[in-house]
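These protein sequences, in sequence, are chains P and S.
Quick note on numbering: the first sequence equals residues -8 to 233 in our numbering.
Quick note on numbering: the second sequence equals residues -6 to 149 in our numbering.
Since the hints were derived computationally from the structure, they do not count as laboratory data.
A virtual CB, placed ideally from N, CA and C, is assigned to each residue, including glycine.
A couple of the hints might just be wrong.
Said to hold, decoys possible - SDA-like mimics (lysine to any residue), calculated; alpha carbons at most 25 Å apart, straight line:
id, chain 1, residue 1, chain 2, residue 2
1, P, Lys18, S, Ser51
2, P, Lys103, P, Leu25
3, P, Lys18, S, Arg112
What the hints assert, rightly or not - A few chain S positions that, by computed beta-carbon distances, are all more than 10 Å from chain P:
id, residue
4, Asp12
5, Thr28
6, Leu31
7, Pro38
8, Thr42
9, Gln65
10, Ala69
11, Asp73
12, Gln83
13, Tyr97
14, Ile141
Unchecked claim - Away from chain S, derived, C-beta distances all over 12 Å, residues of chain P:
id, residue
15, Val150
16, Val185
17, Leu203
Read off the chains here:
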Amino acid sequence: MLSSLLALPFAALEVGHHLYWQLGNLKIHGQVFLSSWVLIGALLALVIAGTRKLERDPRGVQNLLEFLWDYISNLAREQIGEKAYRDWIPFIGTLFLFIFVSNWGGALIPWKLIHLPDGELGAPTADSNTTIALALLVSLAYFYAGLSRKGLRFFEYYVDPIPMMVPFKIVEDFTRPLSLSMRLFGNILADELVVAVLVFLVPLIVPLPVMLLGLFTSAIQALIFATLAAYFIGEAVHEHHH
Amino acid sequence: MTSWLLLAEAGAPEGGLFDLDATLPLMAVQVVLLTLILNALFFRPVGRTVEEREGYISTSRADAKQKLAQVQRLQADLKDQLKEARKAAQALIIEAEQETDQLYREALGAATAAANASREATRRELDAQRDGALGQIQADADKLGDLIVDRLLAVQ
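All chains, full assembly: derive it from the sequences and hints.
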């Protein structure tokens, strides 16, 4: 029984298999880029369709884009503060939109219909490379935000309440990208795996609630990532002694 | 770019969950490019549109407020004018009424005086005629009396 189960194509889930492209002597994961290009293309198509003719009385897709803009700028303002948030709307917004379309695209587009020689298409955020890249960008962003706004005074933050905090704050600089990337990666990958296993075991109806839950967590993860990124930037530009 | 994380993938010669390679920096570059593109295509134009609309709304609001104030001022002005006009009309009416009344009285007085005068004249004429007639009759009576007396005296 057990051996027959194991003989069944559990390997069809193909965790950790990648479609390798050789770039000089560098290797990259082709399936991540393929699916990300499709999703970025869809996102750009939506944006272009909605901003082709911007009007004072918004119509059609412009409404959706203005809602998104409003949502993102409110998020940025709440976390970063009135003074500096405008410069960071594009970054926070791109993180949110990219992660959101990646998560939802991974769950909603039937990638399985396209067969690759190795690996399989899916959410780009289910690959640790993507999430670590995003998390490192956030780290760079908050260092840049703090240094460009406050210069060396940025490092006052490390001794903020008392100098004893220095080691903890330094450790935080490492744990922040780690937790950001692993949270997103783990959630999306786990969601894909749960759905795949359920579809494999019970192909009808049963996976649907889990898929809906997956969509919900996907949206929440995008929101959490963007909010935390904005929060880190906000903390970096915050004036402590005023 | 292979890392110690790969060591966790025992038995997997290549691949695995934490297979870090050139995908990472390329994906970072791709996201930065996407940020630039979205900023040019989405965040800047839409933000400008939203802010322009907010500006338009606030200026229209201020405009409308100003116009409303103007209208209220004009309305008050007109109300005052109307009140004054009404007062003037009232005064005019009273004046006209008084004038008419006076004219009426004057006309009445004149007519009464004329009537009195003509009545007086008529009575005086009547009196004169009556006096004349009475004198005539007296004279006639005296004449007849004399005649009677003469005849009677002549008979005797």
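Does the claim that Pro38 of chain S lies off the interface hold, with its Cβ farther than 10 Å from every Cβ of chain P?
5 Å, violated
Using Cβ atoms and 12 Å as the threshold, tell me whether Val150 of chain P really stays out of contact range of chain S.
31 Å, holds
Beyond 10 Å from every Cβ of chain P: is that where the Cβ of Leu31 of chain S lies?
Given that some Cβ of chain P is not farther than 10 Å from that of Leu31 of chain S, nearest at about 5 Å, it is violated.
Against chain P, does Asp73 of chain S keep a CB gap of more than 10 Å to every residue?
41 Å, holds
For the pair we were handed, Lys18 of chain P and Arg112 of chain S, check the Cα-Cα distance against 25 Å.
144 Å, violated
Can we confirm that no CB of chain P comes within 10 Å of the CB of Gln83 of chain S?
53 Å, holds
Quick one: work out the minimum CB distance from Thr42 of chain S to chain P and report holds if it exceeds 10 Å, violated otherwise.
5 Å, violated
Does the no-contact call for Thr28 of chain S survive, Cβ to all of chain P over 10 Å?
4 Å, violated
Ala69 of chain S clear of chain P by more than 10 Å, beta carbon to beta carbon?
35 Å, holds
Lys18 of chain P and Ser51 of chain S: Cα distance at most 25 Å?
56 Å, violated
Claimed clearance of chain P by Ile141 of chain S, with the beta carbon kept past 10 Å:
About 134 Å separates Ile141 of chain S from the closest Cβ of chain P, which puts it past 10 Å; holds.
Hint check: Lys103 of chain P vs Leu25 of chain P, CA-CA at most 25 Å. Holds or violated?
13 Å, holds
Of the numbered hints stated above, those contradicted by the structure are hints 1, 3, 4, 5, 6, 7 and 8, listed in ascending order.
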